[in-house]
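K.L.:
Could you put the whole structure together from the sequences, leaning on the hints where they help?
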Amino acid sequence: MKAEARRQAIMEFLMEAGSASVDEIAELFAVSKMTVHRDLDQLETESLLRKVRGGATVQSSSQFESDFVYRARLATDEKRAIAQAAAEHVEPGQSIILDDGSTIAEMARFLLERRPLTLITNNANVMSTMMGIQGLKLISLGGDYNKRFHGFFGLLTEQALDSIRADQAFISTSSVSDGTAFHQDQEIVKTKRAIIAAADTRHLLVDHTKFDKTALHALTGLGEFARVITGAAISDRARSGIEEAGAVLEIARGQAETPL
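Residue numbers (the UniProt record's numbering): 1 to 260.
Derived by calculation from the structure, the hints in this document are not laboratory data.
Note that beta-carbon positions come from the ideal geometry of N, C-alpha and C, so glycine has one too.
One should not assume that every hint holds.
With beta-carbon atoms standing in for the labels, derived distance ranges [to be verified]:
no.	residue 1	residue 2	range
1	Glu24	Ser163	48 to 56 Å
2	Ser240	Ala3	24 to 32 Å
3	Gln42	Ile139	37 to 45 Å
4	Glu243	Met15	27 to 35 Å
5	Thr57	Asp178	29 to 37 Å
6	Asp212	Ala17	15 to 23 Å
7	Gly154	Thr118	20 to 28 Å
8	Gln42	Leu216	36 to 44 Å
9	Leu155	Phe13	27 to 35 Å
10	His37	Glu12	38 to 46 Å
11	Gly132	Gly154	23 to 31 Å
12	Gln134	Glu4	36 to 44 Å
P.N.:
See below:
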């Protein structure tokens with residue numbers, strides 16, 4: 001396992017466990033304690049965890065503010081490539097919905113080239129990035145702010161979505177397996193389902209690390225999406241699940257350039 005992939009896996013483990021010792025991490029990933037210390041030093045430098053005596057934690061760290069912050073710092077080159085590829089499916093004059101995902105947040109800046117647009121979102125990062133831009137009508141979905149996901153969710157969000165109809169929606173999720181998208185949070189699932197129902201065409205944006213994994217709640221079958229966009233090769237099993245669902249698999253090639 002390459003260092004970047006291992007560090008991502010270490011963070012995912014710590015997100016579930018809260019904390020772990022160097023010995024536990026070394027045994028879990030079959031690497032030396034010295035390698036674990038190097039990985040933890042790098043992750044601490046990026047403010048993703050806090051080293052403690054004999055291990056590391058993501059608890060009680062003022063730097064570790066939310067899952068969104070963590071997700072936004074992972075696989076950034078791939079996320080940008082996915083975001084740029086997704087933006088190419090948007091036509092000027094359309095109305096589109098962007099959900100709470102960190103990959104979706106990357107997509108927002110590429111939409112400047114697609115104006116005029118109506119942009120509907122519950123993503124707080126997208127709201128702050130796109131506010132006041134000429135040629136862009138920004139509709140902010142109300143609801144309860146969730147610090148962990150840096151977005152707005154709940155009954156008010158769902159009611160707002162029930163009253164609109166958009167041309168396209170771009171949606172993310174935490175895992176995909178056997179033709180089904182999954183997410184670990186029930187409230188977020190409800191909002192994402194409302195987004196799916198509010199758009200004529202839906203696209204799923206997921207980086208390659210999320211395939212062949214499940215989470216607590218089934219979000220929807222991949223047949224609800226016109227295409228699944230990822231940034232690297234995926235397993236034959238994952239590919240088959242997409243094809244059998246009737247969705248198009250699109251792999252974004254190359255490193256995206258962030259527009260000014």
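K.L.:
Now, for every hint given, state plainly whether the structure supports it.
P.N.:
Right, here's what the structure says about each hint:
no.	hint	result
1	Glu24 / Ser163: 48 to 56 Å	holds, 49 Å
2	Ser240 / Ala3: 24 to 32 Å	holds, 30 Å
3	Gln42 / Ile139: 37 to 45 Å	holds, 40 Å
4	Glu243 / Met15: 27 to 35 Å	holds, 31 Å
5	Thr57 / Asp178: 29 to 37 Å	holds, 34 Å
6	Asp212 / Ala17: 15 to 23 Å	holds, 21 Å
7	Gly154 / Thr118: 20 to 28 Å	holds, 23 Å
8	Gln42 / Leu216: 36 to 44 Å	violated, 30 Å
9	Leu155 / Phe13: 27 to 35 Å	holds, 34 Å
10	His37 / Glu12: 38 to 46 Å	violated, 19 Å
11	Gly132 / Gly154: 23 to 31 Å	holds, 26 Å
12	Gln134 / Glu4: 36 to 44 Å	holds, 38 Å
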